[in-house]
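Peer 1: Same order as they appear, the protein sequences are chains X and W.
Using my numbering, read the first sequence as starting at 30 and increasing by one per residue.
Using my numbering, read the second sequence as starting at -12 and increasing by one per residue.
Please keep in mind that the hints were generated in silico from the structure rather than gathered at the bench.
If you're wondering where the values come from, they're calculated on a predicted model, not measured in any experiment.
You may find that some hints are simply not true.
Lysine-lysine pairs mimicking DSSO-like chemistry, simulated, CA-CA at most 30 angstroms apart [said to hold, decoys possible]: (1) W:165 - X:77; (2) W:62 - W:33; (3) X:309 - X:343; (4) X:348 - X:378; (5) X:137 - W:37; (6) X:137 - X:77; (7) X:61 - X:328; (8) W:127 - W:172; (9) W:33 - W:71; (10) W:62 - X:137; (11) X:77 - X:54; (12) W:33 - X:77.
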Amino acid sequence: MTRRLQRISCLVVTTLLAVGCDGGKSFSEARKAEERGDPHVAYDQYCKAATDSRGGATASGLARVRGGASAYWESQALLEMDAGNYGESWRMLMKALEIQPDSTTTAKMIRQLELQHGEAIAEARTEWMQRGSVALASALRPRRRATVEPAPIPTSDDKQSVVESKVALAPPPKKESGSSESDAGATRQAEPVVIPVPGGKRDEPASTAVESPQDTAVQLTPAPVEPIPEEKPIVRPTTQSPEREARPVPKKPSRPAIRREPVRESGRSEFLVMQSLSLKDRSLSRGMTGMEGISILLKDTDDDEADFDLFSGKERIKKIRDLKLGRSQVFAGQSGTLYRLTLLGIHHKSRTVRVGIRPA
Amino acid sequence: MRILLTVFLFASLSGCAESTRGPVVFFLDGAGWYASGGAVENGLRKAGYKGEYEVFTWSAFLGPAQDHFITAQSKIVARRLAGKIERVRKNDPDGAIQVMGLSAGTAVILSALEELPDGVQVDNVVLLSPSASAERDLTKIMQHVRRNLYATCSPHDGIVAALAVNADGRPGPPAGEKGLRMPRKGDAQTQAAYARVINIPWQPSYVGFNWNGSHTGVTSDDFIAGVIAPRILSAEPFPLDRPVLERFAVGSER
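Let the sequences and hints guide you as you build the complete structure.
Peer 2: Right under this line is the structure:
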């Protein structure tokens, strides 16, 4: 009898542990994803955890990552839209809205998509009606990032001209902890989605900003950037004689590869300045003078992130560490005006990055 | 003279009470539960609602059983609410009127809508954890609803799951358990009506809006602000709305 009781208790405990572990596992996965800055993954894991445990920790976790997860799916939807995949784009926008139902901008985008591409999304809509929202949410996968033109960065191998990174609109970072985005006319910020440069690795999309403990500045996604038309390659007529060409070319001192951004017809400005910096390529400068006497020095690069130091004169005013590709940091000029430094591209092999600055 | 004065005074008072113009929200609490009105109002305000908000008291204050089994089915209570809606509509033919209710309060709302005279409509109806029957025919009721009727439901709602009798006294499972259902033999009018009836089933993500699926948790201000308000405060159709009719048509809900 005692043995039987023991067996039953053992079974009950095991079952309880298994059930507990399942929810606990999802929760810890969610926490990990949140810590590494993947709010969309964290959100899905928190949702899984919420099926077992509908308690406070899961609730606050969901509220924390909701904004970032919704922003992520919106940015994915915009990529799909750029590629003409309206059905997939619709699905992703619906997912974003499901995560953040009070996002008026997402709802507007969906309505617009339905209005303009009703036929293209008809199948997705029918499927959604049949499967229901939960099935939809788990069925989605992030989009590949190969639809946008690559953004070559001038390297020692390719020093011709600086070709702009093509960027796609992405959503603003949404307010955390359940705050609602209810301004219909709220300015839409954007995240430049930069395609991996050769040698670079960028599988994971930009996600919710996490404040670096050593910085006081908050990482932000940058303001809207319109896709820049591709430049025609500059073909210079070769008028030099063969002898002259054979002559050794004196090495030029490091020069900043500055490109002034064209102002669009609408008059809305984009980056005030864009520049390539390199630690290895001697034809490129390592630092640049940013806005209002603030200089920016490249410290280190990685596959998908870079470190910078900001100086006002000789005084270092800020360290920017692990700035991810496509993400921004805000800094103040000497007058107090805020500017946004965006990492537009990385070529880690040549330790070269491309950055842009614009008003925050 | 005294009688005239009294009549004048009453007329003025009642006139003042119903002279509101602009959006109005009526909220009806559950049986023997008088605490949700504040949270619902907070949620709506949080979402930017600036109109009138009125808690319509229908309880007999004799406990939840009395409210659920008797008062919620009272035609007198239903007519009182219908009269109120009618007066507000008369004062402001174009103003938005939203009617929201919790649990047994939803049965009062449905009966009141049935009592409304032809041509009098509210804008949206929100039934939170409704303890009215899921199989109630809403065809006539929907004639008094300009836009949509929403009903939340949850498999974790222990109260509706334990109900022996629905608050409206009609047969069938409570709508708060698995949502409203369209009658199988619905004609074109019924189908048109149910094209505007939308269930909002609980899902794990709602835990983030502080609705863990419980019966009264649905009135959490976060849930009202984040999930309900975007549906009723905007004039535009809400993309996530899936009418009962469409779901019925594809055979996924029943």
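Peer 1: Each hint needs a verdict: does it hold in this structure or not?
Peer 2: How the hints compare with the structure:
For the suggested pair residue 165 (chain W) and residue 77 (chain X), the alpha carbons sit about 21 angstroms apart, so the restraint of at most 30 angstroms is met. The hinted pair formed by residue 62 (chain W) and residue 33 (chain W) fails the criterion: a straight-line CA distance of about 34 angstroms is larger than 30 angstroms. Between the alpha carbons of residue 309 (chain X) and residue 343 (chain X) the distance comes to roughly 23 angstroms, so the proposed pair stays at or under 30 angstroms and holds. In summary, the hint linking residue 348 (chain X) to residue 378 (chain X) is supported, as the alpha carbons are separated by about 23 angstroms, within the 30 angstroms threshold.
For the proposed pair residue 137 (chain X) and residue 37 (chain W), the alpha carbon gap of about 22 angstroms is at most 30 angstroms, so the pair holds. The hinted pair formed by residue 137 (chain X) and residue 77 (chain X) meets the criterion: a straight-line CA distance of about 29 angstroms does not exceed 30 angstroms. For the given pair, residue 61 (chain X) sits about 28 angstroms from residue 328 (chain X) by alpha-carbon distance, which is consistent with the 30 angstroms threshold. In summary, the hint linking residue 127 (chain W) to residue 172 (chain W) is supported, as the alpha carbons are separated by about 15 angstroms, within the 30 angstroms threshold.
Distance restraint check for residue 33 (chain W) and residue 71 (chain W): the Cα-Cα separation of roughly 26 angstroms lies within the 30 angstroms cut-off, and the hinted pair is therefore satisfied. The straight-line distance between the Cα atoms of residue 62 (chain W) and residue 137 (chain X) is roughly 42 angstroms, outside the 30 angstroms bound, and the hint therefore fails. A C-alpha spacing of about 9 angstroms is found between residue 77 (chain X) and residue 54 (chain X), which places the hinted pair at or below 30 angstroms, so the restraint holds. Restraint check for residue 33 (chain W) and residue 77 (chain X): the C-alpha separation of about 28 angstroms stays at or below 30 angstroms, so the hint holds.
Hint compliance for this structure: hints 2 and 10 are broken, all remaining hints hold.
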